[in-house]
Amino acid sequence: MSRNDPHNHSNWLVQAKNLLDESAGGLDAATLSRLNRARQAALDQRRPTRRWALPAGLVSACVLLLVLFTYLPRDGAAPDSQVTKNAAGDLDLVSSDDSLEFYQDLEFYAWLEAQDQDLGS
Amino acid sequence: MTISTHTIPVSPSFSWTDQHVNAQTTTDERALEQFLKHVERRALRMAELATAQRDEALDLVQDAMFGFVRHYAAKPATEWAPLFYRVLDSRLNDWHRRRQVRTRWLAVFTRSADDEEEGDEIAQAPDLNEPGPLLRLSGSEAARDLEDALRRLPSRQRQAFLLRVWEGLDVAETARAMGCSEGSVKTHLSRALHALRTALEDHA
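Protein chains in written order, with our numbering: chain A, 1 to 121; chain B, 1 to 204.
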C-alpha cells in the first residue's frame, strides 16, 4: 500500500482511534471515582439550594430542646429553696448602693426596734 | 503546505450531537450529566496527553466541568461539545502559561545554585518512555508509540487531531472548540496527520 493511499490513511486512523478508545475505556477505578466526584460537584452548581432546610433545622432544634427540658428527669436534686433565697439576699447586699456598714449593724437596729416596741407596750 | 483532502474516518458513535441530542434542545440536568459522562474520559486523556500528569489532568478536567456548567449549561445541547472543549482548551492554555512562568522563575533562582538540572527543560520534560495507559491496556508498541507521538505534537496539532478524529467534531465545531478559523483547523490537522503518520509508519 502506498503512503498516499486514502484507504491506508483511514486504516491507521481507525487503529489510532481504537487505541485511544482503549486507553479511555480502561481507566482505573480511582480515576473514574474522581471523575464522578468532579462531575457531581460541577452539576451541584445548578441544583437549587434547599432554602427551607435552615428554618426547618432551627424549628427541629427548638422542639428537641423543649422536649428535653420538659420531659427529661433532672439527675441532680432540686435546688434547696432556702439556699436559693439566701443567695438572692446576698446578691441584693452586694448589688445595693447602701453602705455595707448599715447591713453590718442591721441586727443592732432590729434589737433596738424590738426594745422600742417593748417599751411602748 | 497542501491540506489533506482525505476523508477522516469519524465514527458516529462518538458524536455527541449526532447520537445523544435530538432537535429539541434540552437543558435538563440528566442530559447535562449524560453529556459530561460521555466526554469526561476522553477529556481526561486529552488533558493527560497535554500535561503528562494524571493529577494535573484531573484537576483541569474538573475545572473545565465547573466552567462549562457555570457558563454554558443553558446553551443548546447541540453546542455543548465544542463549548466544553473550548473551556478545556482555555484551562490547558492557562496551565501551560503558569508552567512556563514557573519554569522561568525556577531557572532564575537555580542558575546560581549548584544543581543546574532543575532549570533544564529537557530534565523537566515528561518521560516519554514511561508507560501510559495505552501501553498498560494494549500492551502493544503501537499504543505506546501513538501516545508518544501525540505528546510530541505541538499542542494545536494534537488538539485538532484529537477533537476531529477522536471526539468526532466536524471542522466547524473543532474550530469553535479551538477558537480559530476552520482553515487553521485543516492546517493543524494536516500537519498532525503528517507528523503522526511519519512517527507511526511502522504501525500504519
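Check before you lean on any hint, since a few could be wrong.
[Unchecked claim] Far from chain B by the CB rule (all over 10 Å, computed), these chain A residues:
1) Trp-12
2) Gly-57
3) Trp-111
[What the hints assert, rightly or not] The calculated label-pair distances, taken between Cβ atoms and stated as ranges, are:
4) A:Gly-26 / B:Ala-31: 25 to 31 Å
5) B:Ala-74 / A:Leu-58: 32 to 38 Å
6) B:Gln-34 / A:Thr-70: 49 to 55 Å
7) B:Gly-179 / A:Gly-26: 46 to 52 Å
8) A:Val-63 / B:Glu-33: 34 to 40 Å
9) A:Ser-60 / B:Glu-29: 55 to 61 Å
10) B:Val-101 / A:Pro-55: 46 to 52 Å
11) A:Ser-60 / B:Gln-34: 32 to 38 Å
12) B:Thr-198 / A:Val-14: 14 to 20 Å
13) A:Gly-57 / B:Ser-181: 51 to 57 Å
14) A:Ala-41 / B:Trp-105: 27 to 33 Å
15) B:Ser-155 / A:Leu-58: 49 to 55 Å
16) B:Arg-70 / A:Val-63: 36 to 42 Å
Hints in this document: simulated from the structure, not taken from any laboratory. Built from N, CA and C at the ideal position, the CB exists for glycine as well.
Results for each hint:
1. The beta carbon of Trp-12 of chain A is not kept farther than 10 Å from every beta carbon of chain B, the shortest such distance being approximately 4 Å.
2. Non-interface call for Gly-57 of chain A relative to chain B: holds, since the shortest CB-CB distance, roughly 25 Å, exceeds 10 Å.
3. Every Cβ of chain B is farther than 10 Å from the Cβ of Trp-111 of chain A; the closest lies at roughly 85 Å, confirming the non-interface assignment.
4. At about 26 Å, the CB distance of Gly-26 of chain A to Ala-31 of chain B agrees with the hint of 25 to 31 Å.
5. In this structure the hint that Ala-74 of chain B and Leu-58 of chain A lie 32 to 38 Å apart at CB holds, the actual value being about 34 Å.
6. Between Gln-34 of chain B and Thr-70 of chain A the Cβ separation comes to about 52 Å, which falls inside the hinted range of 49 to 55 Å.
7. Gly-179 of chain B and Gly-26 of chain A have their C-beta atoms about 31 Å apart, which leaves the hinted 46 to 52 Å range violated.
8. Range check, Val-63 of chain A to Glu-33 of chain B: Cβ separation about 37 Å, and the 34 to 40 Å hint holds.
9. Here the CB-CB span from Ser-60 of chain A to Glu-29 of chain B is close to 29 Å, at odds with the stated 55 to 61 Å.
10. The hinted window of 46 to 52 Å between Val-101 of chain B and Pro-55 of chain A holds, with their beta carbons roughly 48 Å apart.
11. With their beta carbons about 36 Å apart, Ser-60 of chain A and Gln-34 of chain B fall inside the hinted range of 32 to 38 Å.
12. Distance hint for Thr-198 of chain B and Val-14 of chain A: a CB-CB separation of about 18 Å, consistent with the stated range 14 to 20 Å.
13. A beta carbon spacing of about 55 Å between Gly-57 of chain A and Ser-181 of chain B agrees with the range 51 to 57 Å that was offered as a hint.
14. For the pair Ala-41 of chain A and Trp-105 of chain B, the beta carbons lie near 31 Å from each other, so the given range of 27 to 33 Å is met.
15. Checked against the hint of 49 to 55 Å, the C-beta distance between Ser-155 of chain B and Leu-58 of chain A comes to roughly 53 Å, which is consistent with it.
16. Hint check: Arg-70 of chain B to Val-63 of chain A, Cβ distance near 38 Å, so the stated range 36 to 42 Å holds.
Checked against the numbered hints above, the structure violates hints 1, 7 and 9; every other hint is satisfied.
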